[in-house]
Amino acid sequence: MPHTLQSLYKPQSIAVVGASANPDKLGYVLLKNVIDYGFKGEIYPINPAGGKILRHASFKSLSDLSKPADLVLISIPAPAVPGVIEEAGRCQCKNAVILSSGFGEMGGEGAAAQKIISTVSETTGLRVLGPNCMGVYNNTDDLNGTYFWELPRVKGSVSFISQSGAFGGVMFNEIRAREMGVSKFFSIGNQVDISHADLLEALVDDEDTGVVGLFIEAVKDGDRFLRALAQITKDRPVVAFKGGRSDAGMRAASSHTGSLAGSYDVYKTALQEAGAIIVEESEEFFDALMALSSQRPPKNNRVAIMTISGGPSVVAGDLCEETGIDVPALPKTVQKQVLNLTPPFAAPSNPVDMTPQMNPANYEACVDLVVGRSNLDGVIAINVGLDRPEFANAFIKATQKYNKPITSFTIDTPELTRLFKEAGVPIYPTPERAVKAYRALTTFAARPSYRKYDKKIRTKSPSETLRAYRHDNPKCDLVPEAYAKKALSEYGIPTVDEQIVKIYSSTVRAAQDIGYPLALKVHSVDIIHKTETDGIILDIADEEGLLRAWKELNHRFPSDDLLVQRMMPPSLELILGAKRDPAFGPVVTVGLGGVFVEIFQDISLGICPVMADQARHMLASLQAKPLLEGYRGQPGINENILIKVITSISDFMLANPEVVELDINPMLASGDQLTAVDALIKMSI
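Residue numbers (UniProt numbering): 1 to 685.
Don't read these hints as lab results, they were simulated from the structure. The structure presented is a predicted model; accordingly, all values stated were derived computationally and were not measured. Think of the CB as a built atom: it goes at the ideal place given N, C-alpha and C, for glycine as much as any other residue. Don't take each hint at face value.
Stated by the list, open to error - Computed Cβ-Cβ distance ranges for the label pairs, DEER-style: (1) T430 / R224: 25 to 31 Å; (2) K67 / A112: 40 to 46 Å; (3) D672 / A468: 21 to 27 Å; (4) N638 / P429: 55 to 61 Å; (5) E658 / K60: 51 to 57 Å; (6) D24 / I685: 53 to 59 Å; (7) I685 / S506: 30 to 36 Å; (8) P331 / D223: 44 to 50 Å; (9) D24 / K52: 16 to 22 Å; (10) T119 / P48: 23 to 29 Å.
What the hints assert, rightly or not - Calculated cross-link-like contacts (lysine-lysine; reagent style DSS-like; alpha-carbon spacing at most 30 Å): (11) K475 / K502; (12) K452 / K644; (13) K336 / K234; (14) K115 / K220; (15) K397 / K456; (16) K115 / K67; (17) K40 / K155; (18) K32 / K299; (19) K268 / K234; (20) K452 / K625; (21) K551 / K502; (22) K460 / K220; (23) K234 / K455; (24) K40 / K67; (25) K299 / K10; (26) K32 / K60; (27) K60 / K10; (28) K486 / K456; (29) K220 / K268; (30) K67 / K52; (31) K67 / K25; (32) K625 / K234; (33) K268 / K455; (34) K155 / K10; (35) K115 / K10; (36) K25 / K40; (37) K52 / K32; (38) K268 / K460.
Construct all of the structure, not just a fragment, from the sequences and the given hints.
What follows is the structure, encoded as structure tokens:
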């Protein structure tokens with residue numbers, strides 16, 4: 001990076017290209033915003049006509065400036081933008097923000113213009129935000145370099161990076177309505193140069209940013225993006241909202257793994273592994289940011305629900321259980337103490353329903369008694385219509401005293417609401433939203449911390465088997481089963497004993513080498529799913545059965561080789577594999593396999609490199625985890641051996657970048673015995 005991006009959002013001077021005295025022009029709006037929001041540095045309107053614009057002397061071009069501008073804001077028609085960018089590069093300006101649209105998103109001439117901009121940025125060191133963006137806003141330093149003229153003035157710790165400019169408008173509307181404090185906003189548009197990763201790296205050292213909100217459509221340089229994200233989430237929460245979650249385009253992939261590991265699943269996994277909190281609705285996005293910007297994360301996920309309104313607390317309790325938040329019952333001794341402070345018909349367990357009839361003088365003692373419990377990490381406060389300041393003050397005092405987080409649901413309580421807002425207690429209009437906001441706190445507290453982001457992982461040597469196969473078959477993208485398994489075995493992945501045969505005599509010799517019982521399969525890159533084409537015969541017990549099977553398959557597939565394979569005993573069937581994602585590179589998959597993989601779709605993903613702690617988490621997230629541990633008398637699987645197989649698949653994918661998909665289905669597993677029985681590898685041509 002030629003220079004840090006601090007001068008993008010903390011410039012000493014700004015040039016506005018396209019500045020206009022006509023209030024109907026966007027260049028007028030842009031310049032007026034820079035002025036009205038109190039920017040304290042030099043302001044240079046750029047307009048070929050010259051003269052004064054909004055009381056500032058204008059310049060005909062960037063070349064007329066006495067010194068380079070730190071930040072060039074560009075609001076002119078798209079065809080004229082490349083020339084201005086070239087001029088900014090020649091003049092050694094530091095940053096340019098292109099608010100104009102009509103570039104790569106339009107194709108044709110627009111895409112060609114975007115290419116010119118990219119080249120200028122690369123060759124001159126000019127950093128470019130956009131094009132097709134809404135600009136940059138720094139509330140801390142009074143910079144409004146956007147088209148938005150009604151931005152929140154409350155200074156705070158939340159910074160936003162949004163690929164969508166329009167979502168920036170949604171963001172500012174929500175921020176104002178919620179009276180939240182904001183620090184910075186970046187609209188990155190087409191990412192011709194400055195990307196999510198660049199801005200995340202910049203915010204790592206930004207003391208004014210305490211929480212980051214990300215709106216993502218597509219990521220450039222996934223590895224760098226994840227490393228920057230993981231660096232921030234070490235001590236600050238990041239809430240990520242992914243737009244464009246359809247997997248329709250991924251379903252055409254040729255293997256099971258390709259069809260199951262859709263693009264959104266990969267994004268979700270990648271972001272979660274780097275410590276981000278994932279949301280899937282804009283309401284949930286802002287709710288989470290509201291809680292995370294005002295509350296500390298809990299030490300664990302045990303929460304108290306305290307209310308004077310029974311019904312909503314039942315709803316909150318149900319959702320807590322569904323989303324993994326523990327609502328532990330209070331000990332009997334504590335319940336008795338609660339009943340000493342409440343009416344006798346109160347519910348003292350957890351949720352704690354103090355009832356509307358409770359003496360307001362007892363709120364403080366009761367809330368302190370519950371919130372102060374060491375086995376509770378936070379509280380969700382619920383109040384419908386009982387506007388008692390004592391209720392609010394009790395929760396404010398207790399959560400501050402014990403340093404515990406709080407979210408709340410309250411309606412029809414103006415005084416209570418005022419007190420909560422003044423104390424920074426986030427308020428939500430439904431119990432469900434209060435719970436989901438609290439879940440954002442617990443998710444951040446439980447975020448993973450994988451070592452892979454702190455160091456460069458050394459890759460292993462490429463597969464000799466794949467190299468030889470590619471040399472002999474340069475136009476073939478699929479690797480036949482036996483060659484695929486031989487390649488995997490180079491990385492310590494256990495595979496079944498087998499031999500490729502053609503004539504019957506070699507089939508007999510292979511059977512003698514391997515031993516009965518056997519399976520006989522057609523061996524062809526054109527036949528992936530053998531059970532669907534009657535291309536496999538199982539449980540061959542002797543040579544007589546072998547002859548029948550050979551004749552049957554040889555008649556059905558006369559031009560193809562056959563594969564003699566040891567018949568493995570019945571075991572749990574797993575699917576393991578990988579795909580190469582365009583944003584994040586190789587992704588490992590593991591789940592319940594065999595013919596049921598597409599029925600149950602119980603699959604867990606891991607972004608490479610997959611290390612042992614990450615692989616263990618992948619297994620823990622499977623619904624089939626009880627089967628792996630042993631269920632109803634069935635043997636379990638040695639988890640450490642399975643973890644080693646998963647990390648070996650990661651090694652294989654990193655060492656062989658030409659592999660785009662890998663599918664091991666099934667991997668038979670029982671106790672210490674794991675065996676890859678069938679495998680498919682797809683390579684780029």
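To see whether the hints hold, each was checked on the structure:
Taking 25 to 31 Å as the suggested C-beta distance range, the pair T430 and R224 does not conform, at roughly 39 Å. Taken as a hint, the range 40 to 46 Å is violated for the pair K67 and A112, whose Cβ atoms sit roughly 32 Å apart. Taking 21 to 27 Å as the suggested C-beta distance range, the pair D672 and A468 does not conform, at roughly 32 Å. A beta carbon spacing of about 50 Å between N638 and P429 contradicts the range 55 to 61 Å that was offered as a hint.
Distance hint for E658 and K60: a CB-CB separation of about 54 Å, consistent with the stated range 51 to 57 Å. For the hinted restraint 53 to 59 Å between D24 and I685, the CB-CB distance of approximately 54 Å keeps it satisfied. Roughly 31 Å separates the CB atoms of I685 and S506, a value that falls within the hinted 30 to 36 Å. Remark: the range hint 44 to 50 Å for P331 to D223 is upheld by a beta-carbon distance near 49 Å.
About 18 Å separates the C-beta atoms of D24 and K52, a value consistent with the hinted range of 16 to 22 Å. Between T119 and P48 the beta carbon distance is about 25 Å. The supplied range of 23 to 29 Å therefore holds. Distance restraint check for K475 and K502: the Cα-Cα separation of roughly 23 Å lies within the 30 Å cut-off, and the hinted pair is therefore satisfied. With a CA separation close to 16 Å, the supplied pair K452 and K644 stays within the 30 Å bound.
Distance check on the hinted pair: K336 and K234 sit about 41 Å apart at the alpha-carbon level, beyond 30 Å; violated. Between K115 and K220, the direct Cα distance comes to roughly 16 Å. Compliance with the 30 Å bound is thereby established for this hinted pair. A C-alpha spacing of about 47 Å is found between K397 and K456, which places the hinted pair above 30 Å, so the restraint is violated. For the hint linking K115 to K67, the alpha-carbon distance of about 27 Å falls within 30 Å, and the restraint holds.
At roughly 17 Å between alpha-carbon atoms, K40 and K155 fall within 30 Å of each other, so this suggested pair holds. Distance restraint check for K32 and K299: the Cα-Cα separation of roughly 47 Å exceeds the 30 Å cut-off, and the hinted pair is therefore not satisfied. With a CA separation close to 18 Å, the supplied pair K268 and K234 stays within the 30 Å bound. Among the hinted pairs, K452 with K625 is consistent with the structure: their alpha-carbon atoms are about 25 Å apart, no more than 30 Å.
Our distance criterion of 30 Å between C-alpha atoms is met by K551 and K502, whose separation comes to about 11 Å. Our distance criterion of 30 Å between C-alpha atoms is met by K460 and K220, whose separation comes to about 25 Å. Between K234 and K455 the CA atoms are separated by roughly 15 Å; this keeps the pair inside 30 Å, and the hint holds. Distance check on the hinted pair: K40 and K67 sit about 17 Å apart at the alpha-carbon level, within 30 Å; holds.
Between K299 and K10 the alpha-carbon distance is near 36 Å, which puts this suggested pair outside the 30 Å criterion. Between K32 and K60, the direct Cα distance comes to roughly 18 Å. Compliance with the 30 Å bound is thereby established for this hinted pair. Between the alpha carbons of K60 and K10 the distance comes to roughly 25 Å, so the proposed pair stays at or under 30 Å and holds. In summary, the hint linking K486 to K456 is supported, as the alpha carbons are separated by about 28 Å, within the 30 Å threshold.
For a cut-off of 30 Å, the pair hint linking K220 to K268 stands: about 16 Å separates their Cα positions. At most 30 Å may separate the alpha-carbon atoms for a hinted pair to count; K67 and K52 meet this at roughly 19 Å. A C-alpha spacing of about 27 Å is found between K67 and K25, which places the hinted pair at or below 30 Å, so the restraint holds. Straight-line distance between C-alpha atoms of K625 and K234 comes to about 29 Å, which keeps the hinted pair within the 30 Å bound.
Note on K268 and K455: the hinted pairing holds, with a Cα-Cα distance of about 22 Å set against a maximum of 30 Å. Restraint check for K155 and K10: the C-alpha separation of about 15 Å stays at or below 30 Å, so the hint holds. For a cut-off of 30 Å, the pair hint linking K115 to K10 stands: about 27 Å separates their Cα positions. For the proposed pair K25 and K40, the alpha carbon gap of about 24 Å is at most 30 Å, so the pair holds.
For the given pair, K52 sits about 13 Å from K32 by alpha-carbon distance, which is consistent with the 30 Å threshold. Restraint check for K268 and K460: satisfied, since their Cα atoms lie roughly 27 Å apart, inside the 30 Å limit.
Consistency with the previously given hints fails for numbers 1, 2, 3, 4, 13, 15, 18 and 25, ordered from lowest to highest.
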